[in-house]
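With chain A held as given, fit chains B, C and D onto it using these hints.
There are 4 protein chains.
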Amino acid sequence: MDEFDIETISEPDLDEPVLIEGLPGVGHVGKLAAEHLVEECESEPMSRLYSEYFPPQVTVTDGCAELACLEFHAVTPEDGPDLLVLTGDHQAQDTVGHYRLAERLLDVADSAGVSRAFALGGVPTGELDDDHGVIGAATADEFITELEDVGVEFREDEPAGGIVGVSGLLLGLGARRDLQAACLMSETSGYLVDPKSAQAILEVLGEALDFSVDFESLEDRAEEMEEVVRRIQELEGGMNVPSDDDLRYIG
Amino acid sequence: MDEFDIETISEPDLDEPVLIEGLPGVGHVGKLAAEHLVEECESEPMSRLYSEYFPPQVTVTDGCAELACLEFHAVTPEDGPDLLVLTGDHQAQDTVGHYRLAERLLDVADSAGVSRAFALGGVPTGELDDDHGVIGAATADEFITELEDVGVEFREDEPAGGIVGVSGLLLGLGARRDLQAACLMSETSGYLVDPKSAQAILEVLGEALDFSVDFESLEDRAEEMEEVVRRIQELEGGMNVPSDDDLRYIG
Amino acid sequence: MDEFDIETISEPDLDEPVLIEGLPGVGHVGKLAAEHLVEECESEPMSRLYSEYFPPQVTVTDGCAELACLEFHAVTPEDGPDLLVLTGDHQAQDTVGHYRLAERLLDVADSAGVSRAFALGGVPTGELDDDHGVIGAATADEFITELEDVGVEFREDEPAGGIVGVSGLLLGLGARRDLQAACLMSETSGYLVDPKSAQAILEVLGEALDFSVDFESLEDRAEEMEEVVRRIQELEGGMNVPSDDDLRYIG
Amino acid sequence: MDEFDIETISEPDLDEPVLIEGLPGVGHVGKLAAEHLVEECESEPMSRLYSEYFPPQVTVTDGCAELACLEFHAVTPEDGPDLLVLTGDHQAQDTVGHYRLAERLLDVADSAGVSRAFALGGVPTGELDDDHGVIGAATADEFITELEDVGVEFREDEPAGGIVGVSGLLLGLGARRDLQAACLMSETSGYLVDPKSAQAILEVLGEALDFSVDFESLEDRAEEMEEVVRRIQELEGGMNVPSDDDLRYIG
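Chains as they are written, first to last, in the working numbering: chain A, 1 to 251; chain B, 1001 to 1251; chain C, 2001 to 2251; chain D, 3001 to 3251.
Calculated from the structure, these hints are not laboratory results.
Each hint can be trusted.
Where chain A lies over chain B, by a calculated footprint (3+ residues, C-beta under 8 Å):
id, region
1, 1099–1109
2, 1144–1155
3, 1158–1165
4, 1172–1178
Now the in silico label distances, taken between C-beta atoms and shown as ranges:
id, chain 1, residue 1, chain 2, residue 2, range
5, D, Glu-3142, B, Asp-1089, 25 to 31 Å
6, D, Glu-3216, C, Glu-2223, 56 to 62 Å
7, C, Glu-2224, D, Glu-3234, 50 to 56 Å
8, B, Asp-1094, C, Glu-2127, 40 to 46 Å
9, B, Thr-1008, A, Ser-217, 55 to 61 Å
10, D, Asp-3141, B, Ile-1009, 15 to 21 Å
11, B, Ser-1212, D, Glu-3156, 32 to 38 Å
12, D, Glu-3156, B, Gly-1126, 33 to 39 Å
13, A, Ser-111, B, Gly-1113, 36 to 42 Å
14, B, Asp-1214, D, Gly-3151, 42 to 48 Å
15, D, Glu-3016, B, Asp-1094, 36 to 42 Å
16, B, Asp-1157, C, Ile-2009, 52 to 58 Å
17, D, Arg-3155, B, Asp-1220, 25 to 31 Å
Ideal placement from N, C-alpha and C gives every residue a C-beta, glycine not left out.
Same shape as in the complex, but just chain A (with noise of 0.2 Å):
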């Protein structure tokens, strides 16, 4: 294996395809928005990108290995442009790996004829509401405006940090190539997994995109967890916050 590398595993025609990226994160917002969209839509597996960078380790599905990977899909939204959509569970294990997994990422959108990108991700709150606010970070300033005008909120100072990683990366590396890119950040407790922040990105994006998408299985998997908030907020009592032992990624 060399630094990347790229099975391919299907040559879909997509045309002008938009670049979704959804890897594990805050609430896995991202992650969660984007296998949605896999799931909902019509699609078809790309590409698997394997990686040096990634940890050193297969996981097991009924008792079957596979290589860490990340893999873009090629979805087709009923309405809207076609979508290139990453999913994976990995990021880089180091800085410089990070950057190299980011150029490999925007190398693979370009030949596939990206040229614009949303970045899917959580903003914690530490609040366990039902506000789900979506965040904007973008490129440049006529994409801001545009993202404004379907719900976006573009503030002075968020998110705080800055945006790291891959989601990061896409937008400081992609706007050097051109790219038209933009992070989506749900407002999410930072608690739970939160399929209804996923959603709120989703209905976002779809607004921005012209795309609409089937909710019931989101919906579905947010009522489970509003089952599990009650519970956590009735055993609370008294309690301020909730424990990040208890609480942390269940889902």
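Below, chains B, C and D without anything else, positioned relative to chain A:
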């Protein structure tokens, strides 16, 4: 020294050998099992692999210093196929090193004519009991069926965290070279060096490969460990869980 | 992107400029001082340096994402020599990266005609008092003498731990290229962003290079910080040392 | 600067010199011993080795900044063979760097005609007593026998954790180049800089190589340290073990 440096010790003529990997890990199960094969069967050291990814360290035995390395042995049990057994005390020290080491080990196996590999290890149960079921993961469905026939269990979500390090990558990277590879993991407490668990793995492996090996020395060692366990359980009295400090890797 | 990537913004004609480096550090003294020069004098951004050794991160300002970088500015004070001022928020993330980044910064300085450099920083005293002596370190004895004449103190064993990061390497690697380089470190508590300490350094630097700069904005900021200190000292009452959590880099 | 950069200071004509390595470590024994040889015998600095694997740091002495480096000295005691003595304050900062640094040091030794090397260090006993036995490890059995004759002890399982860093790799990588190398480790508390332990090593080394060196300055320093130990033992009273904070590397 280069990134890797292979020192040839002998060049025995192995006939389509099966690769057996047993490096240190949970309960030292894989290491005990692989070393037992080397000691009990006719065997010959073939080569040593040095690497700048190993700890910068020499071990000292009777005053003699030896550089960190892994060792390949030609092992020819009375029955069954020839074996290429990999032993040693080290894994790579960083992510990239893990991938490159596994690729290099697979190169050595390739050039020795290996088309089948078994990575041996332990899976921690947290319990000091006598059960030593052997759980498996493999690169291909037909291999899974074959191993189920000799008693290997393939469970839906185990091992939960996947398989990390050389054992995992022998499967993950091996599959990409059409190597038929499996990881056999014997249940073990995780608190103690576990010769019984090593024996359980070798029994399954012997059945899969049609060889037999004497277990007397492993049984002797297992009895010593059981004596240790008995003393610990007496000490425990009302205690629920043995302390990690007292128990971890006594042996 | 390569290991380093330099984006030229403008190519002003600087006459044998002096390099001034001010990256984040103790009391943000160097950063405040360098940014003050850029803001108060006639200045022009010249180039941005991106690197895969920087954190894999974008900062977001008013919704606009910007990739981690350092920035060179052409600064031309009314008196004194032209200045090449280096500002930014990042240092390299690993050892090798530090060396390579410093070499690349020195390459940029070389090609701009730099033969003299000042690294600016703070040295922590642990005390919230008004003293802002400027301690120095330099690459050559004649430079030491020259700086002693403008009030820089060269002490036998200070700074005790040497100078780490870009500031240290500008001297250490600069000396090997015959660059005349000095590090000016102003005493500061280490608990707070310290505009007064930045002013102390700029006063010494102005005397060394025969330029003057208006300090009003730094003095305003210093007054705000003094108000913070006063409030902290009132709160302290009988306490001896302000807690790190309350004080560190308020500003 | 490249990965390594060697600056030649002088080119004395050494006759088949013996390499002596003494970098910082347990009780600073190796460092004290090597520096004592440089100070007490006729000696001349030969070269400095800089590396991007060293800490990104300059040390400052009387205001003068010096980049992290190791130094080779030509040392010619009145009797015995010529010596090539390696001193300095740094080791490599990562695994790969350790291997590459050791290889480069061995290259320098090779080109100076070295065929024998001694790595000097301390082995911690945890006890503040007067015993300073010298334990050894070597690359070849005949070298072990020779060193046993001058009082070096080779024990079955010591040092238990092997030998890590430059000292270990000089043996491990040296053996692969047919260098006859030994590590001499003098027993020391591990709590204090230990000039007596350094003297013990130099006595054994002097006997092995037929040279003698004056120990007055080491004895003076040892007396100062003994005074420190006495004061600590008085303070201790009923205490069993001196606290690490009080004792570690006072000197």
